[in-house]
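S.K.: Residue strings, one per chain:
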Amino acid sequence: MLLRHTKTEVMEREALTINPAKTCQPIGAMYAALGIHGCLPHSHGSQGCCSYHRSTLTRHYKEPVMAATSSFTEGASVFGGQANLVSAIDNIFTVYEPDVIAVHSTCLSETIGDDLKQISTKAKDDGKVPEGKYVIHAATPSFVGSHVTGYANMVQAMAEQFAESTGNKLDQINIVAGWMEPADMREIKRLAKEIGVKIQLFPDTSDVLDAPQIGKHVFYPKGGISIPDLKSTGDSKYSIGLGCFSGEPGAIALEKTCKVPFQTEDLPIGLRATDRFLTALAKAAGVKIPDSITDERGRLVDVMTDMEQYFDGKKVALFGDPDQLIPLTEFLVDLNMKPVHIVSGTPGKRFEQRMQAILSETVPDANIKNGPQADMYLLHQWIKNEPVDLLIGNTYGKYIARDEDIPFVRFGFPILDRIGHSYFPSAGYMGGLRLAEKILGVLMDRQDRDAPEESFELVM
Amino acid sequence: MEKIGILEGREKQVYEKKGDSAAIDIKCETTSLSGSVSQRACVFCGSRVVLYPVADALHVVHGPIGCAAYTWDIRGAVSSGPELHRLSFSTDLKEMDVIYGGEKKLHQSLTELIAQYQPKAAFIYSTCIIGLIGDDIDAVCKKVSQETGIPVLPVHSEGFKGTKKDGYKAACDSLMKLVGTGSTEGIGKYSINILGEFNLAGEAWIIKKYYEEMGIEVVATMTGDGRVDDIRRSHGASLNIVQCSGSMVKLAKMMEEKYGIPYLRVSYFGIEDMSMALYDVAKHFSDNPAILDAAKKLVNREVSELYPRLQHFRQALEGKKAAIYVGGAFKAFSLIKALNSVGMSVVLAGSQTGNKDDYEGLKEMCEEGTVIVDDSNPVELSKFVLEKEADLLIGGVKERPIAYKLGIGFCDHNHERKIPLAGFVGMYNFILEVYNSVMSPVWQFAPRKGGLS
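Top line first, the protein sequences correspond to chains A and B.
Using the working numbering, read the first sequence as starting at 1 and increasing by one per residue.
Using the working numbering, read the second sequence as starting at 1 and increasing by one per residue.
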């Protein structure tokens, strides 16, 4: 009973977070930056930040995660980190030879007021940035937002600092990926190809954080959007930003800097969000959705109807990142499940609005909270007061699942104790199938485990 | 093979043993070069990992959420009782707190938490940002301590104020404030404290049992499966036994100075060092020959059981090469001996935080051609693994996928392990893990080992 310290009585807390359902901005920026080919993320702060982010990403992806640090000392913290960053840029280009260094700040460098733009410009003026190489930067103070905010900020920086408008429109659609797994990004590329639309997907961590074993350690795996492709996003005819928290800011930036019109869609998780995404993509490109995709959809619907009786009315508690929870909740409702407790540490008004819209008819009194004090301790308390049939969330949910004996599906970030999340998509119709299979699997396992001998059956 | 470079400015942190004459003058105990892909962490990390296993204390991270999130249940330090240490408490500082200060928030958090959990003590970790905005956490801790009557201990672990080692020192400073505040009544003459043992996968329990079998009383384990009350009375022990010297030698020295308690440095890894750890303690209590007799009996029993079980592995592992990259250098010594005892050689020995003496010692122990490295990075590690044709990498979480990508075996001797590697039983577990990994059939599919690419 690891979490025996969770009290059932829910008291208003103002100043304290217990068992956070979020982490801080820089790790999101680091993850996003890995979605550019030949990019070395750089953490402008103490060594610890960089080390923690690399460790967490390493544990989640089981892949080497490369990133450099400014290695702040007391001196740098007093006199500013300019010297550290300029020499870091010089060292990195000399030894690690990336195409791009993506610098993100930390709470430390933000508080002492380091201006990443000014320092990057100085490094360039001092001749520390070789010809044809780039330094981009994003402000990601840890005391604002969450890891999702940091991801969005770095993606926005990619759009602002790379996209070029030549005036020559290209027949391609930008897809600004919200926080998704490499497998989801791969799936989106597959779907676009199947429909026959040329897309520029960024960031794209497929083939970076799910790289094959080739007997050597490749510092820059083959994946990631290339610089020319990233530049060309300014000439695309349209952008679709996926996720209003993580993908939309990049799409807005492209509209501002290069006048590329955009719309925002949810991450294509579950049936209806995938419908909306594919419809938007097909419409923007002026193509029709082929039968092959309609068949994929049909297979998902078929499974949903075949298995309907087992999902019906099951209560679910879920926690994680807003862009993932919104379409997931919608999918659960479509499966006739009842999401009753929902927590996201990431702040933002749109979360609650969307959740209310999705749940108002079927689960009007659901507990929903995001932002400060929306943590897993609160979720656990809610569950103690109103038990659920299923828990969905990242690895840390296993403590609650075990203590309360609840079937548990791992979904979100980070997942440290299982594999598969980075290889099998949750996005698209195929991803919906996988989610339905996982949910049904744990529900059925529980039914089998608890069934008395006389009702233990081969056929459900 | 493609050329892999060493970061400019790091040449002095890498040494290759060539002949006895070459003096080792390795540059160490410095901060990492800006721009390096360092494997190191920060001061806060050092403090957090040392104090984390004190299970009946409240651990509150004063700072933005990340610092608490990344250290939430970061190590498998298990407790035989309370598990308060496994919850993650954070003041979760926001922009306004950074501007106006977070003292009020900290005070309120502590008051609420102490009322709710009634812990034996509270550790308050100061993070980078606190060092900058200048919150007076000492004053807040003092106030809360007066209001609640429990020790509320500031840990000055601002991330940028040095290396992980400085975090160990900050942790020792906090522990020292507890030491000496409890009654020593009833503590006998043949008594020790176990220091620098973090009870990963229950290792402290194994060690404690050995000492108790020898007739020695263990007053406190610091910090594995730690209890505040034990730490408070630990100054009543006659001897401190320090395993992870990097983390705890400072506390041992402070206790020696203030309370006259001598200390011994030991290691619990490998047959040789484990036995030595027991004998050294027995010899310290030489006025009681029964202790040495018991130690001899214990070692004899354990070794005669373990030794034949290791021979099977030796046949397979003889001649295989290992690369070691660990946090503290002291552990590397034990690992080299342990690997040698099953016929394996070490081709790379590196540490994140070693000092000159450590590296001199490593040089003495290592074979010709071995590379010794301080504060290494993935590029160097993969360079040496390939060049030296290692079959195994021993390291921590960030090294694991590198080993696998290179197509060689791996053993986590840091903190992600779930089975105990200390003690005689730990030696068996360690070699079993090495054997399973090095001899795994999966490597035949790795392109470098002749598999299809």
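Where hints are given, some of them may not hold.
Lysine-lysine pairs mimicking DSBU-like chemistry, simulated, CA-CA at most 35 Å apart [to be verified]:
1) A:124 - B:27
2) A:122 - B:94
3) B:321 - A:222
Just a few of them, taken from the derived set where beta-carbon distance is under 7 Å, the chain A residues facing chain B [unchecked claim]:
4) 46
5) 52
6) 54
7) 58
8) 134
9) 215
Hints were generated in silico from the structure; no laboratory data involved.
Heads up, the beta-carbon is just placed ideally off N, CA and C, and yes, glycines get one too.
S.K.: Restraint: residue 52 of chain A near chain B, CB-CB cut 7 Å. Satisfied or not?
M.R.: holds, 4 Å
S.K.: Is the hint on residue 134 of chain A kept, meaning its closest Cβ partner in chain B is under 7 Å away?
M.R.: For residue 134 of chain A, the interface hint is violated, since the closest Cβ of chain B sits about 16 Å away, which is over 7 Å.
S.K.: For the pair supplied as a hint, residue 124 of chain A and residue 27 of chain B, confirm whether the alpha-carbon distance does not exceed 35 Å.
M.R.: holds, 31 Å
S.K.: Next item in the hint list is residue 58 of chain A. Is there a CB on chain B closer than 7 Å to its CB?
M.R.: holds, 5 Å
S.K.: Go through the hint on residue 54 of chain A and say holds or violated, using the shortest Cβ distance to chain B against 7 Å.
M.R.: holds, 6 Å
S.K.: Just to be careful, I want the Cα atoms of residue 122 of chain A and residue 94 of chain B compared with a cutoff of 35 Å; is the pair within it?
M.R.: holds, 30 Å
S.K.: Within 35 Å, alpha carbon to alpha carbon, are residue 321 of chain B and residue 222 of chain A?
M.R.: holds, 31 Å
S.K.: Would the stated hint for residue 215 of chain A survive a check requiring a Cβ distance to chain B of less than 7 Å?
M.R.: This interface hint holds because 3 Å falls under the 7 Å limit.
S.K.: Identify whether the interface hint at residue 46 of chain A stands, where standing means a beta carbon of chain B within less than 7 Å of its own.
M.R.: Holds. Min distance 4 Å.
Consistency note: the structure conflicts with earlier hint 8 alone.
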